[in-house]
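Q: Sequence lines, in order, name chains A and B. Residue numbering for the first sequence follows this note's numbering, starting at 1 and increasing by one per position. Residue numbering for the second sequence follows this note's numbering, starting at 1001 and increasing by one per position.
Any given hint could turn out to be false.
[Said to hold, decoys possible] Straight-line Cα separation of at most 25 Å, DSS-like style, residue types lysine-lysine; simulated pairs:
| hint | chain 1 | residue 1 | chain 2 | residue 2 |
| --- | --- | --- | --- | --- |
| 1 | B | K1044 | B | K1031 |
| 2 | B | K1185 | A | K233 |
| 3 | B | K1031 | A | K244 |
| 4 | B | K1429 | A | K207 |
| 5 | A | K227 | A | K205 |
| 6 | B | K1120 | A | K115 |
| 7 | B | K1090 | B | K1501 |
| 8 | B | K1036 | A | K230 |
| 9 | A | K244 | B | K1040 |
| 10 | B | K1044 | A | K241 |
| 11 | B | K1028 | A | K241 |
| 12 | B | K1255 | B | K1512 |
[Claimed, not checked] Incomplete in silico selection of chain A near chain B, CB under 10 Å:
| hint | residue |
| --- | --- |
| 13 | L43 |
| 14 | F56 |
| 15 | G65 |
| 16 | C67 |
| 17 | F103 |
| 18 | S135 |
| 19 | A210 |
| 20 | M229 |
| 21 | K244 |
| 22 | E248 |
What the hints contain is simulated information worked out from the structure, not anything from laboratory work. Glycine included, every Cβ here is placed at the ideal spot set by N, Cα and C.
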Amino acid sequence: MTKNKQVLVEKSKQKNKKDEKEGETGEVEVFVMGKSYKVPAGLTIMKALEYAGYRFIRGCGCRAGFCGACSTVYRIENEQKLGFDLACQKVVEDKMYLVQLPFVPASKAEYDINKIEPSDSILLTMYPEIARCVSCNTCTKSCPQDIEVMKYIQNAIRGDIAKCAELSFDCIQCGLCAMRCPADIKHYHVAQLARRLRGKYIDPKSKNLARRLKEIDERKFDTEIEKLMKMSKNEIVELYKNRKIEAEESIAAGGD
Amino acid sequence: MKLIDGYPEYMLESIKLVEEKREKNMSKTLKPMSLKEREKILSKFHPDYMKGTRREVRIGIDKGKIFYEGIVDLLEAKPVVNPEDVDISKIDYDIDLLIIGGGGAGTVAALFAYESGIPKDKILIVTKLRHGDANSMMAQGGIQAADRPEDSPVLHYLDIYGGGHFTNKPELARALALDAPLIIKWHEELGVMYDRQEDGEFQELSGGGTCRNRLHSCKDYSGMEIMRNIRDRARNLEIPVLEFCPIVELLMDDKGQVAGGIAFNLETYEYYVIRAKATILATGGSGRLHLANYPTTNHYGATGDGLVMAYHVGANLRDLDTIQIHPTGDAYPEPIVGILSTEKLRGLGAIPVNVNGDPFVFPLEPRDVESAALIRECREGRGIVTPTGMPGVWLDTPMIEIIHGEGTIAEKLAGELRKFNRFGIDMRKHPILVYPTLHYQNGGVEINEKTETRVPGLFAAGEVTGGVHGKNRLMGNSLLDYNVFGRRAGIYAAKYIKKAKIGKLTLDHLKKYNKMLEQAGIKTEKTAPILLPEYRGEKAISRALDIL
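Please model the entire structure based on the sequences and the hints provided.
A: So, in structure tokens, the structure goes:
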């Protein structure tokens, strides 16, 4: 067993012990910006703060892990390492010191997506600071979504827009990466541009959609919809009842 | 408590039955219900049909109509702004277009108003939280648009109308179905990364109550991907946004037009007077009212503010006697109770099964019917009760990879996988526990196909409106809704602005409203809109002093 692994195992043992202890008392102690509060074990950081009496204005958005409003930096007492997570997703641990980071003052490039091209150098042109990446991987370690942030920045530097877009897709734009970066890279803004370039210029387009738009333009469906709108309730109920359901057939066939 | 793979032992025992019967369950799917069967199960198990969830509203234009209790409470509360407290003779922002709400509908409206010739510095988006903090950001499954050759906007219309129990406003359902492909095209041009086949055609799935596969998705981050693109466009254009400054009341003029609003800075407690030639209400839904005591999937700010403000100026509401409960909210583990597990799970083949591992409903019924079936299963003792007392049934997610191959969940449902992994649950190997959760405000402020309300100068779009979905919305039609009607709101408001003339500003409508409350004998200390839900711990609240 490597030393690292041993440490992990030790830690997890300690953690289990701690869990047992929590189970007994049902309470944990957290330090909100240094101030101690006792809260029920098992709550998310967000709910724990509310339990303690905080009413959020900032630092709380979707409460489901999509919006990046509740980025939180924490440290467990007697540990060195800082942890990064979303207050709405992370469950409190005993002796957790925490602070929220509800806003990130990172600059964003301004562009008109219609007037730029998905060239190899476009991301570097818009965000030249990505060339200063020192590959420290701190961005990746600070990502609450476990995205390979440094890797997508490396792809951005190389001009691989499609890969940068793919790797960054789950980004919730909380900005923790940018706050930790020693090179002042605005990873999440770079990734936003990469994804837009890929969606607009690189991914192949749908022919079905183009055909349908032409039909709508030619008012192909107007009369038929009009007819449905004027139908008596009984008639349209019949029509609705008897419509063929594609999913029923495909599920029954076990197909795709 | 000892957990194995994230579950206590007694739950694992039930999971064993699910596993044993999985093959059999996959080989034979239950049939969809007939309309009669649907009616029967709804009337017995859906909160829309229960006693004690709704009541008559006693004042205002909809006096005598029945709405959900929590909404009537807001309508029968005093307007939060006392007209004596604000000086509306000093204008802080004098603009053409006020957009209330920085979610999907509001941002789309801003973009199309700009495209329609309103200068950006004459547009102002004001929002309660941050730009983009909205249910729009959280939608997972996808967006409907009938663009495949075997589909048509006519079928889409039929699905919308039937799904809404034939109560939708037909002109709105038509707009939704017919504008849909155009919206997808617009998204393509913005750069939205839709899931596609190699040939560029969209990967399209079925949602509950749709007769064709027409759900366009971006993994299980569809709402986030669309909202990110729209917001990025607005940011590049530098459309002004005022964050953490909800509008708390609308302003009117002496000609009876809506003429802007009073904004309230949540951080400094200042108010701002905003005069505008047109106002678009895009405040979203009301999940945080926890109607019928359901947990909710909604974002923090979904407190129904728009309904209240619109009602104060005399706009009418509709279909608020129904709520959408989404069948598959998370029931376990406790920290994520009420959060959504996307309908796409069922679109990809996962089947709901009970404690014995037996299926009990066609997996893709419309949401209200599917929810009622889940509630029935739990009420009749065939559900699983979690250690904290939450009932639920299994959604057999491992079926997805059996049907579509290993790796499908990581590829198409990354968000879901991540959410459960945090708690040691691998949804690729084990089913997840679900129970209905409050998801969507079916009704709201009535609009026409130009997004006009009955009050001149006031437009509305998105979840705050009523009529588009009637009494039940189908999956994939809310992302579509905010795009279709956000766009229309921007275009038609821009048109209106070119002729609009604002008279003398007034808050007399609030005085009148207070008088109405008095005359109806409603004595209340409550005020509305409420802006934020109250989640502080009881102990903390009970000892709070209002000193500062």
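Q: Quick check: which numbered hints come out false for this structure?
A: 2, 4, 5, 18
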